[in-house]
Amino acid sequence: MVKKHSETIIQNLNMKTTYDSVIQAIKVSKTVTAISQQDGNDINILSDINLSVKPSETLAILGSSGSGKSTLLGLLAGLDTVTSGDIIIDGESITDKDEDGRAAIRSSKIGFIFQSFQLINGLTALENVLLPLELKYRNPDTDLAVKLLEKTGLDHRLHHYPNQLSGGEQQRVAIARAFVCSPKLVFADEPTGNLDNRTGERIIDLLFDINTAQKTTLVIVTHDESLANRCSRKLLLNDGKLQPY
Amino acid sequence: MMANFNLTRDSLLGFRLLKRHWRSTELSTLVLALSIAVASLTAISLFNHRIDFSLATNAAEMLGANHILKSTQPVDDSIITKATTLKLNVSKSISLSSMIVYKDKFKLSHVKAVDDAYPLLGAIRISNSLVGNETHSPGGPAPGNAWLASSLMTQLDISIGDIIEIGNSHFKVSQILKYDPGETASLVSLAPRLLIHSSDLPSTGLVQPGSRVTYHTGFSGDEASMVQFINWLKPRLNATQALTGSTEGSAAINSAADKARQYLTLSTMLSVLLSGISIAMSATHYARRSYDQAAIMRSIGASSKSVITIFTSQIIVLGLLSSTIGIILAYLIESTVTSILSDVLTLNNDSFIIKPVFTGYISGLIILTAFTLPSLLRIGNVPPLRVLRNELTPPDTGIWILYLLAIASVISLMWWASGNLKSTVVVLTGIVISGLLLSFITKLLIYILPAIVSLLNGPFRQGLKQVNRNSNLHTLQVVSIGFSLVILALIYLVRTDLIIQWTNQLPDNAPNHFIINIQPSDVPKIKDLFNSLNINTRGLYPMVRGRISQINSIDIPADRELLDESLKRDLNLTWLANIQDNNRIIQGSWFSESNTGQYLISIESGLARRLGVTINDSLTFQILNTNIEARIKSIRQVKWDSFQPNFYIIFPDEVINHLPATYISSFYLQPDKKKQLSILVDKFPSITILELDNIMSQVRTIMLQVTKAIEFVMLLLLLSGTTVMAATLQASLQQRKKDAVILRSLGTSRSYLRNLILTELFTVAVVASILAIMGSEATAYLLYKYIFQLEFNLHFSTWLYMLLLSPAVIMAAGWLYLRKIPDQPPMNALRTF
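Residue numbers (the working numbering), protein chains in the order written: chain A, 549 to 793; chain C, 16 to 848.
Please note that the accuracy of each hint is not assured.
Stated by the list, open to error - Output of the computed footprint for chain C on chain A, the stretches with three or more beta carbons under 8 Å from beta carbons of chain C:
no., region
1, 631-641
2, 659-673
3, 681-688
As the list claims (entries may be wrong) - Across the chosen pairs, the derived CB separations fall in these ranges:
no., chain 1, residue 1, chain 2, residue 2, range
4, A, N742, C, T339, 42 to 48 Å
5, A, N742, C, K458, 39 to 45 Å
6, C, Y462, A, H704, 46 to 52 Å
7, A, N786, C, V824, 54 to 60 Å
8, A, N592, C, K34, 55 to 61 Å
9, C, V824, A, N711, 28 to 34 Å
10, C, Y462, A, N742, 39 to 45 Å
11, C, K458, A, P603, 55 to 61 Å
12, A, P603, C, W37, 51 to 57 Å
13, A, Y793, C, Y462, 51 to 57 Å
14, C, A827, A, N786, 54 to 60 Å
15, A, K789, C, Y462, 46 to 52 Å
16, C, L734, A, D644, 51 to 57 Å
What the hints assert, rightly or not - When the alpha-carbon atoms are kept at most 25 Å apart in a straight line, the in silico DSS-like pairs for lysine-lysine are as follows:
no., chain 1, residue 1, chain 2, residue 2
17, C, K34, A, K695
18, C, K690, C, K118
19, C, K800, A, K645
20, A, K732, A, K763
21, C, K34, A, K684
22, A, K684, C, K320
23, C, K800, C, K437
24, A, K782, A, K645
25, C, K120, C, K698
26, C, K540, C, K690
Because the hints were derived from the structure by calculation, they are not lab data. Just so it is clear, the structure is predicted and the values come from calculations on it, not from any experiment. We put the beta carbon where it would ideally sit given N, CA and C, even for glycine.
Given the sequences, and given the hints that come with them, work out the whole structure.
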């Protein structure tokens with residue numbers, strides 16, 4: 549399995565590089581090795597995925613459980629590495645970068661919202677939101693974090709710890725954390741998956757409000773159609789391939 | 016793009032995160048484990064330092080100086096000048112044997128003429144009546160006065176105020192000499208003694224050319240100057256001079272003090288080991304619990320270096336903070352204990368001793384760094400994808416090398432803290448054997464567990480199944496709990512056996528008198544007299560004086576000055592049919608009946624080693640004008656601290672019986688029956704009685720001190736060991752808590768849950784206890800054989816304690832931690848994970 553450099557692939561494919569894309573996936577495949585011999589050889593989770601997302605676009609990737617949605621999100625966000633193909637974020641290929649190189653890109657350009665919130669338990673709501681800023685700057689702007697939390701309606705919960713917050717409140721903290729560094733791209737993995745319908749709707753409203761205000765590109769992985777319908781484009785992941793929905 | 020690493024920013028972030036996480040359980044466990052580890056290590060080190068000081072002070076006071084230079088010629092002025100230049104204190108005394116005369120009675124005694132500076136350390140104890148209270152005198156008698164040992168007073172029937180003759184002079188007996196520093200240093204010098212002032216010596220006319228006089232020059236001062244002086248002096252000593260340090264006292268005292276030091280050394284090593292286990296468990300647990308945080312940080316863009324820096328800065332702050340807490344705790348504990356023990360311990364008044372603090376700090380930090388480094392590096396490699404897939408853990412390639420380094424650093428620390436390679440090797444061998452036993456048998460038990468499971472029902476079946484399912488976790492638990500138990504058991508076993516040995520060695524009725532120069536014709540009469548006075552002797556032994564003249568038929572060089580001390584003087588030889596109780600054959604065999612009359616000997620092991628002889632080698636003895644050559648049949652280990660007649664060389668019966676001999680015996684006499692000594696002396700004027708009360712009281716004092724000391728050290732280690740177990744349990748109970756909550760949410764009843772958890776804890780505790788029994792006995796065997804020279808017996812009562820106590824404690828602790836789960840709504844409990 550040899551990773552080819554993006555330029556070579558593009559040349560071979562005779563494709564025109566769309567540098568107005570915030571994120572671009574070119575012939576991305578992901579294969580994992582089977583745990584036991586009985587399971588056969590390698591398993592292809594994703595094969596030849598091509599995708600291009602424009603600035604400020606909102607994209608929903610739908611698919612059934614186990615279809616590889618989260619794997620694709622992990623690859624697009626640079627949390628995981630491709631088996632073949634290339635991923636370009638804001639004009640910069642992340643495929644040949646090492647983990648720290650990808651971390652630098654995540655730090656400067658990407659925000660995350662997870663199904664299970666992924667807040668740090670020992671930190672208060674405000675401290676959780678401040679964390680990405682603290683990882684970037686020596687003296688982070690606390691006001692910015694406070695304002696974002698106020699925007700999410702958590703101004704009375706700034707100093708509460710995650711286990712003192714409801715699921716919806718925890719997800720709001722996660723949204724504030726995702727947007728606090730004004731990223732170009734926000735990835736959301738089933739952001740309403742752990743919430744009831746009503747709370748989920750409120751979270752979606754909040755997510756889209758902030759997204760619109762910050763003109764961020766939003767990529768959401770979900771199997772919730774009502775959430776997908778709020779996006780400007782929808783794609784379906786089926787049998788490891790992306791197709792229009 | 017460069018990775019976004021900034022040392023200052025990331026360190027500051029680490030500190031801020033630490034501050035925010037302060038209330039978390041993992042942090043408090045780590046701080047607690049480290050603080051207690053440092054506290055016990057420092058307190059033990061501090062206490063050992065004080066005990067060492069106490070023993071050294073005692074020894075110096077017993078010698079009357081830090082060092083004594085003994086010589087047969089007056090000491091050269093250059094030595095005195097050097098000592099004075101180094102601001103050392105110097106005292107001079109001269110001792111010789113002389114007859115003292117009172118009325119028409121004569122008695123050979125040991126006369127010691129002392130100057131005004133004598134004694135440099137300690138005090139002379141005197142009394143103005145035989146049974147009166149003792150007073151401490153900082154100096155010797157004034158000119159014209161003599162202070163006499165009570166045995167001389169009773170034997171010559173002298174009273175205070177009487178005038179005695181020594182040589183050409185007359186002296187007024189002004190005090191009874193109860194204790195003279197230096198008299199306990201060697202049994203050889205235990206002749207009845209008297210003190211006079213050195214200015215009176217010339218007028219006695221006792222010192223003449225050719226008289227056998229010993230010059231004692233005492234030196235004392237601060238440690239650094241003493242070391243400098245001794246290093247200067249040693250190469251300049253000639254053959255007539257011998258230097259004795261205060262650490263080279265009598266066999267009995269040295270033996271007690273040495274064993275105490277060995278115990279304290281052992282305790283320091285075990286304390287390092289316990290700290291290592293405790294910190295390793297807590298740090299690994301802390302690191303594992305930090306994987307999620309690290310993954311979140313990495314997902315939002317922290318580089319590997321940043322993550323490592325953040326957690327390292329936290330660990331450094333934790334290390335410094337916990338070590339400081341530990342050291343403060345150590346001082347509090349130690350000062351409380353020393354104030355409680357101040358009546359039995361001679362303690363220096365230094366409120367702050369730097370070395371133990373340094374030891375505590377450095378050890379804490381080294382152990383913490385060594386055991387957290389592998390975990391920290393793993394944290395740096397936590398895959399960011401863990402935020403999506405929680406089962407992902409960082410790779411552990413190459414980490415085992417770091418763990419080996421961590422273990423190596425603990426071993427080095429043990430060696431450094433103990434300063435004793437042999438003890439370190441013995442303890443480590445025992446611990447490795449225990450470790451192998453623990454891991455192998457645990458794996459084996461877990462392997463056969465399914466067979467046992469199939470015989471059970473309900474929660475018990477489920478509990479054992481849990482043990483089997485999480486076999487790696489349980490192996491780790493059994494091994495770490497087992498290790499802690501091995502260490503606790505060891506420290507208890509050695510302490511108990513040492514105290515038993517000391518008590519046996521010096522029972523209340525241990526002989527406090529030696530009687531020598533008994534003529535063979537007086538033996539039956541003395542036996543009768545002893546019977547009539549109701550005095551129990553430890554046997555009467557014949558004693559023939561003889562000098563070794565040849566080894567394996569080769570002559571000893573005429574110039575004996577550079578040879579072993581035993582070749583320079585006559586040795587006490589005896590003959591015996593049966594071996595004495597306090598002797599043990601370590602090579603060869605004791606004489607059989609057929610050996611009677613054969614030219615064979617049994618030699619003391621130390622002498623055999625110094626002479627370089629072994630079984631079947633021969634020694635020739637010059638006894639008066641006779642030469643007797645005999646072959647070594649056995650080598651004996653002798654307890655010189657037993658206060659019984661002991662011999663370097665023993666012949667079988669009918670070999671030297673025909674040679675002129677005197678007899679020696681030892682017996683116990685109650686202090687209020689001392690008057691009976693005068694009856695003995697009156698009836699047998701030729702005998703000499705040596706009183707051992709002073710030396711025995713010194714030995715008893717030291718034993719009391721060290722017993723108290725080791726009791727305290729044991730308590731500290733027990734505390735330390737308990738925290739290790741608490742840390743181990745906490746690490747595993749967190750997982751059990753989660754399992755219990757899930758089972759509860761699935762509708763499991765309260766009693767079922769309780770039985771399940773208790774079955775699991777019981778199994779772990781019992782297995783750990785059984786293995787700890789095996790491990791501690793194996794290690795104790797090695798320690799007793801190679802370090803403590805104690806007799807090894809299996810400790811059945813301790814087995815029982817361990818089997819009953821440890822499961823009870825572990826089950827109680829586990830239940831306390833988990834007891835609230837059945838009462839909580841499962842949803843609430845689940846949210847805490």
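Do the hints match the structure? See the list:
| no. | hint | verdict |
| --- | --- | --- |
| 1 | 631-641 | violated (count 1) |
| 2 | 659-673 | holds (count 10) |
| 3 | 681-688 | holds (count 5) |
| 4 | N742/A x T339/C: 42 to 48 Å | holds (43 Å) |
| 5 | N742/A x K458/C: 39 to 45 Å | holds (40 Å) |
| 6 | Y462/C x H704/A: 46 to 52 Å | violated (57 Å) |
| 7 | N786/A x V824/C: 54 to 60 Å | holds (58 Å) |
| 8 | N592/A x K34/C: 55 to 61 Å | violated (47 Å) |
| 9 | V824/C x N711/A: 28 to 34 Å | holds (31 Å) |
| 10 | Y462/C x N742/A: 39 to 45 Å | holds (41 Å) |
| 11 | K458/C x P603/A: 55 to 61 Å | holds (59 Å) |
| 12 | P603/A x W37/C: 51 to 57 Å | violated (42 Å) |
| 13 | Y793/A x Y462/C: 51 to 57 Å | holds (53 Å) |
| 14 | A827/C x N786/A: 54 to 60 Å | holds (57 Å) |
| 15 | K789/A x Y462/C: 46 to 52 Å | holds (47 Å) |
| 16 | L734/C x D644/A: 51 to 57 Å | holds (56 Å) |
| 17 | K34/C x K695/A | holds (24 Å) |
| 18 | K690/C x K118/C | holds (20 Å) |
| 19 | K800/C x K645/A | violated (61 Å) |
| 20 | K732/A x K763/A | holds (8 Å) |
| 21 | K34/C x K684/A | holds (19 Å) |
| 22 | K684/A x K320/C | holds (13 Å) |
| 23 | K800/C x K437/C | holds (12 Å) |
| 24 | K782/A x K645/A | violated (29 Å) |
| 25 | K120/C x K698/C | holds (13 Å) |
| 26 | K540/C x K690/C | holds (19 Å) |
Of the numbered hints stated above, those contradicted by the structure are hints 1, 6, 8, 12, 19 and 24, listed in ascending order.
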